[in-house]
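Assemble chain B onto chain A, guided by the hints.
Residue numbers (numbering that gives the first Met the number 0), protein chains in the order written: chain A, 0 to 519; chain B, 0 to 593.
Please keep in mind that the hints were generated in silico from the structure rather than gathered at the bench.
Incorrect hints may appear among the rest.
[To be verified] Short derived list, chain B residues pointing at chain A, Cβ under 10 Å:
#1 R62
#2 F169
#3 D171
#4 A392
No residue lacks a Cβ here, since even glycine has one placed at the ideal position from N, Cα and C.
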Amino acid sequence: MKYYRSHILVGINEAAKQAGVDVFVNKLQDQISTAGLADEINVLETGPLAFFGRGICLTILPENVNYENVAIEDIVELVEEHLLKGRPVHRLMLDSAAQFKPKFNYDRRIVLKNSGIIDPESIDEYLGAGGYEAWEKALLNMQPADIVNEVKASGLRGRGGAGFPAGLKWSFTAPLNAEQKYVVVNADEGEPGTFKDRLIMEGDPHQLLEGIMICARAIGASMAYIYIRGEYKLCIARLEKAIKQCHAYGILGRNIFDSGFDLDIGIKIGAGAYVCGEETALIESLEGNRGNPRWKPPFPGVKGLWQYPTVVNNVETLANVPFIIKNGAAEYRQFGTDECTGTKVYTILGDVAYPGLCEVDMGATLRTVINEYGGGMKKGFKFKAALVGGAAGVILSDRMLDVKMDFVSLNQYAAVLGSGAILVMNEHQSIVDMLWSILRFFRHESCGKCSPCRIGTQHLYDLISKIRKGEGSMDDVEMLHTIALTMKQTSFCALGQSPIMAIASALDNFRDEFIAITKK
Amino acid sequence: MIKKVNIWLDGKHLEVPETMTIIEAADKYNVNIPRLCYHPDLPPTANCGVCVVEVAGNPTPKRACCTPVAEGMKIVTNSKLLRSYRKTLVEMILSHHDVVCPTCSANNKCELQTLANNMGVDPDTLPNIMHKAPIDATSPSIVRDVNKCIACGRCVTVCNDVQTVYALTFSDRGIESQITSAFGSGMANSACVNCGQCTVYCPTGALRENSDIDAVWDAVLDPLKHVIVQEAPAIRVSLAEEFGMELGTITVKKMYAALRKIGFDAVMDTNFTADLTILEEGTECVNKLKSGSKRPLITSCSPGWIKFMETYYPDLADCVSTAKSPMSMFGVLSKTYYAQEQNIDPANIVSVAIMPCIAKKFEARRPEMRDSGFQDTDYVLTTRELLRMIKEAGIDLKYVKEEDADETMSFYTGAGTIFGTTGGVMEAAIRSAYTLVTGEELEEIDITAVRGLEGVKEATIPVPGFGDLHVAVAHGLSNARLVMDRIREGLNTTGESPWHFVEIMACPGGCVGGGGQPYGNNMAMRARRGEGLYHEDRNLPIRKSHHNPEIKRIYERFLGEPNSPLAHRLLHTHYFKRSVNNGQVIEEATHKHH
Numbered sequence: 000m001k002y003y004r005s006h007i008l009v010g011i012n013e014a015a016k017q018a019g020v021d022v023f024v025n026k027l028q029d030q031i032s033t034a035g036l037a038d039e040i041n042v043l044e045t046g047p048l049a050f051f052g053r054g055i056c057l058t059i060l061p062e063n064v065n066y067e068n069v070a071i072e073d074i075v076e077l078v079e080e081h082l083l084k085g086r087p088v089h090r091l092m093l094d095s096a097a098q099f100k101p102k103f104n105y106d107r108r109i110v111l112k113n114s115g116i117i118d119p120e121s122i123d124e125y126l127g128a129g130g131y132e133a134w135e136k137a138l139l140n141m142q143p144a145d146i147v148n149e150v151k152a153s154g155l156r157g158r159g160g161a162g163f164p165a166g167l168k169w170s171f172t173a174p175l176n177a178e179q180k181y182v183v184v185n186a187d188e189g190e191p192g193t194f195k196d197r198l199i200m201e202g203d204p205h206q207l208l209e210g211i212m213i214c215a216r217a218i219g220a221s222m223a224y225i226y227i228r229g230e231y232k233l234c235i236a237r238l239e240k241a242i243k244q245c246h247a248y249g250i251l252g253r254n255i256f257d258s259g260f261d262l263d264i265g266i267k268i269g270a271g272a273y274v275c276g277e278e279t280a281l282i283e284s285l286e287g288n289r290g291n292p293r294w295k296p297p298f299p300g301v302k303g304l305w306q307y308p309t310v311v312n313n314v315e316t317l318a319n320v321p322f323i324i325k326n327g328a329a330e331y332r333q334f335g336t337d338e339c340t341g342t343k344v345y346t347i348l349g350d351v352a353y354p355g356l357c358e359v360d361m362g363a364t365l366r367t368v369i370n371e372y373g374g375g376m377k378k379g380f381k382f383k384a385a386l387v388g389g390a391a392g393v394i395l396s397d398r399m400l401d402v403k404m405d406f407v408s409l410n411q412y413a414a415v416l417g418s419g420a421i422l423v424m425n426e427h428q429s430i431v432d433m434l435w436s437i438l439r440f441f442r443h444e445s446c447g448k449c450s451p452c453r454i455g456t457q458h459l460y461d462l463i464s465k466i467r468k469g470e471g472s473m474d475d476v477e478m479l480h481t482i483a484l485t486m487k488q489t490s491f492c493a494l495g496q497s498p499i500m501a502i503a504s505a506l507d508n509f510r511d512e513f514i515a516i517t518k519k
Numbered sequence: 000m001i002k003k004v005n006i007w008l009d010g011k012h013l014e015v016p017e018t019m020t021i022i023e024a025a026d027k028y029n030v031n032i033p034r035l036c037y038h039p040d041l042p043p044t045a046n047c048g049v050c051v052v053e054v055a056g057n058p059t060p061k062r063a064c065c066t067p068v069a070e071g072m073k074i075v076t077n078s079k080l081l082r083s084y085r086k087t088l089v090e091m092i093l094s095h096h097d098v099v100c101p102t103c104s105a106n107n108k109c110e111l112q113t114l115a116n117n118m119g120v121d122p123d124t125l126p127n128i129m130h131k132a133p134i135d136a137t138s139p140s141i142v143r144d145v146n147k148c149i150a151c152g153r154c155v156t157v158c159n160d161v162q163t164v165y166a167l168t169f170s171d172r173g174i175e176s177q178i179t180s181a182f183g184s185g186m187a188n189s190a191c192v193n194c195g196q197c198t199v200y201c202p203t204g205a206l207r208e209n210s211d212i213d214a215v216w217d218a219v220l221d222p223l224k225h226v227i228v229q230e231a232p233a234i235r236v237s238l239a240e241e242f243g244m245e246l247g248t249i250t251v252k253k254m255y256a257a258l259r260k261i262g263f264d265a266v267m268d269t270n271f272t273a274d275l276t277i278l279e280e281g282t283e284c285v286n287k288l289k290s291g292s293k294r295p296l297i298t299s300c301s302p303g304w305i306k307f308m309e310t311y312y313p314d315l316a317d318c319v320s321t322a323k324s325p326m327s328m329f330g331v332l333s334k335t336y337y338a339q340e341q342n343i344d345p346a347n348i349v350s351v352a353i354m355p356c357i358a359k360k361f362e363a364r365r366p367e368m369r370d371s372g373f374q375d376t377d378y379v380l381t382t383r384e385l386l387r388m389i390k391e392a393g394i395d396l397k398y399v400k401e402e403d404a405d406e407t408m409s410f411y412t413g414a415g416t417i418f419g420t421t422g423g424v425m426e427a428a429i430r431s432a433y434t435l436v437t438g439e440e441l442e443e444i445d446i447t448a449v450r451g452l453e454g455v456k457e458a459t460i461p462v463p464g465f466g467d468l469h470v471a472v473a474h475g476l477s478n479a480r481l482v483m484d485r486i487r488e489g490l491n492t493t494g495e496s497p498w499h500f501v502e503i504m505a506c507p508g509g510c511v512g513g514g515g516q517p518y519g520n521n522m523a524m525r526a527r528r529g530e531g532l533y534h535e536d537r538n539l540p541i542r543k544s545h546h547n548p549e550i551k552r553i554y555e556r557f558l559g560e561p562n563s564p565l566a567h568r569l570l571h572t573h574y575f576k577r578s579v580n581n582g583q584v585i586e587e588a589t590h591k592h593h
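If we strip away everything but chain A, and leave its shape as in the complex, we get:
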């Protein structure tokens, strides 16, 4: 193996692709060759880096210098200054404008531990990082019931939003006798401001596949489907490639590792409806039907895809599983809190210095996440509010900055962790505008199946539009609440039950703004 004195990690994601990263990498390699450094410097195309920057982002190791928004015109300077003379180019460096330096906590990562480190398109690099050891262990050394028990013991909760214990979910399906069972991966990430699953899949597709395999073994499924957003082109390409590699290595297919276990994984591309993130609507869509939710019970665990027992798990949930199986539940419980174990991947966006992705222990406070991982507020701005959990989330004020971010703690404030999206707003942002944006979203995404949601979302949008224009009264604000409450109590699925959260939290925390904007 060749020894390089330095590695340049190039973050490849949709943003970088749009910034022309393919041409950039070729030009960079040419320039390195021209400088005579081809044997010393290795250029590695990897998934999302440890930070989330604009445009093309680079991390140069071992010195761990991070660059963002690098252009082709910068290549000559970068090679001359940094690679030849060892002088980092300050104007391109990431931490030029932040209040705090964002933390890259590789020692406390589970889901993103390989992300930005290995080449996500290479199965050998994943294997080199200890990949598929858990799968081998689960398949050859563990009984399905052991796997379920281990996941139960780990305390892993579903990361899709509701936080239902994953092991418990599996334990409903595992003992059922059925000629067919399925694992379905919910990769239809539609919550506004959420893109954690995309980055998990872009950065480390094999880890997700490994989680799927272990789940399939645990419940006795021979087929798994990844239901993924159509917009996630890079994820789809990488997952397809990874599945192909697994087949070539005998990790997927018939009689895997001579165990007698068969498994295949298929990819189904969604058409972009938000409601298809609801597991039963997702199943309907997977079957080729209109993506409308189904009534529960029966739950998918008993009657799911094509009426067969089906476990539907979120991407992040399954990406946690290889760690649990490889290292054991006890090791996993070292992360997070007692009731909410493990880590949580957040997408932080809005008015923070470093919008992006981070993986933090469950139970960290909102303040910690924003300051230590998001780099704090943008220079010159004050914190006003954060929308936590996407559109189906809550608007928190600064009084809640020290609330622990986990499923149980947030529940006490009628808030939800949801998808892990944190949208930070500065003191100039209008809560009414934010609520308008959320209610417009629900109006657009209601599937139309049930009356409360179909008609209610339109009334909510009409009312907030009126209020926003300054033509509303406090009666309209009350009506907003009444309708949303009726929707919560009578809607068929979680979509129609959600708008009350944003509305109630906005009214609780920022009532003054509504009083100010409505007519006297």
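Below, chain B alone, put in the same frame as chain A:
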């Protein structure tokens, strides 16, 4: 043995089968849970949310229509909160509805109107946000007014699950979501077979027949026209319920009287041509049996079934009887035989049919149905339309003095009257076919094996000189599919059909459950109307079609004998192959023989 569970419904302890939903349990014990989209005949769509109840241990209310009962379940069906949610919900539904109750065809029958009225909702709480969309009146049978649609989904369920026609579906999302036909190109250009079950199950006036009331009034009030009317078997048992009489009461002579009061020049009866159909179809059947054909004979009275067959089973069109329906036989005879007997110029005759069916409107307009040289049947009115005319004329059926029909083409037997219920055509046909084959009379003429509401009924009748006659009866088009698939499979594998003779009716329950019947009916009501017809059959002096003296007379004076060349020319038809996409004719599936 179904396990029973203990539940507490509003504090009352009940033991109910575990397969029940909360609303089924409540209905069984007469606890009223308000509902809108739920209908006992159909699987729940669970769309409206009105039937929410509180179930102990759940943070949010549950829909009673689709939540199964469970051991120890404690259910509260009414509370201050539930009332307020339901009220807001109904206000929301009304705010997206074309509220034009006084002129609506469903006025006083509308389930939304009733619910809103019962709950005392305030119509001004929310602004009306309905954007008026064009009405789909492309079909001669069905009009769809999306402005009155509350998207409950009953029509989609009945079209797809009960009838397996797949003409209706949901399109678009959110507030724009609507029920539509294929490619949004109108009911006339869809797979719709015009059975009209969607109109019967629609809780509002969003689905209704394409009305011919005005045209019929114009004809009736035109002194130069000779307007004659026929009424299908099912009509006589479907009027009483609208005038405060007991459901299923036979009102045949009151019906004749009312029609005369409206102004029809001659009042006759479709039951007469039902008897004629038995002679034509029965003879066809007997000839087929005698020829040793392995292909079955399938009845052809139901126009919804015929279009369904043309769309989904055109390869089996040769198995379907060539006999026209009783209505169309009546239509063509009204402008030939009747015109001749009465010495009236057929050009001045307006032939009106009162049918429990809206597919008959389509049938009457088929280009084949012009064998008299005119459109054989000019107008078809549904039961609902007749009821409106009776009410417009200010007639209270309850107090009308009974009258007889006109003499020509009105005398009928018990066999003719049971055409109106599932299994009736089969029973009537067996009563006569037995005689046609054996030359002897069938003694036990109540053929109970083909009666009742089971989806597919089978019977074997030993016929001396022939052997065992295997018959099947299906009602509702999903059941028709079951039967047709088995016939197709039999013909494709062993070359033999499992049955010799098959009756198929498009509508569940047969014509008494037709798409033109009064709003607000259900399977239980259909069964009672059917019983009414069997009751009339038992009490009629003649119960076999071939003993009808008027039938004998028409053969002697006009047609010659069953299946004669003239009978073939006037009383028989042929079929087409139709596109599943748009319902249009692709090619002939059978030829007409003269």
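To see whether the hints hold, each was checked on the structure:
1. Interface hint at B/R62: satisfied, since its Cβ lies 7 Å from the closest Cβ of chain A, which is below the 10 Å cut-off.
2. Interface hint at B/F169: satisfied, since its Cβ lies 6 Å from the closest Cβ of chain A, which is below the 10 Å cut-off.
3. Checking B/D171 against chain A: minimum C-beta separation of about 7 Å stays under 10 Å; hint holds.
4. Restraint check, B/A392 versus chain A: the minimum CB separation of about 39 Å is more than 10 Å; hint violated.
In summary, the structure is inconsistent with hint 4 from the numbered list given earlier, while agreeing with all the others.
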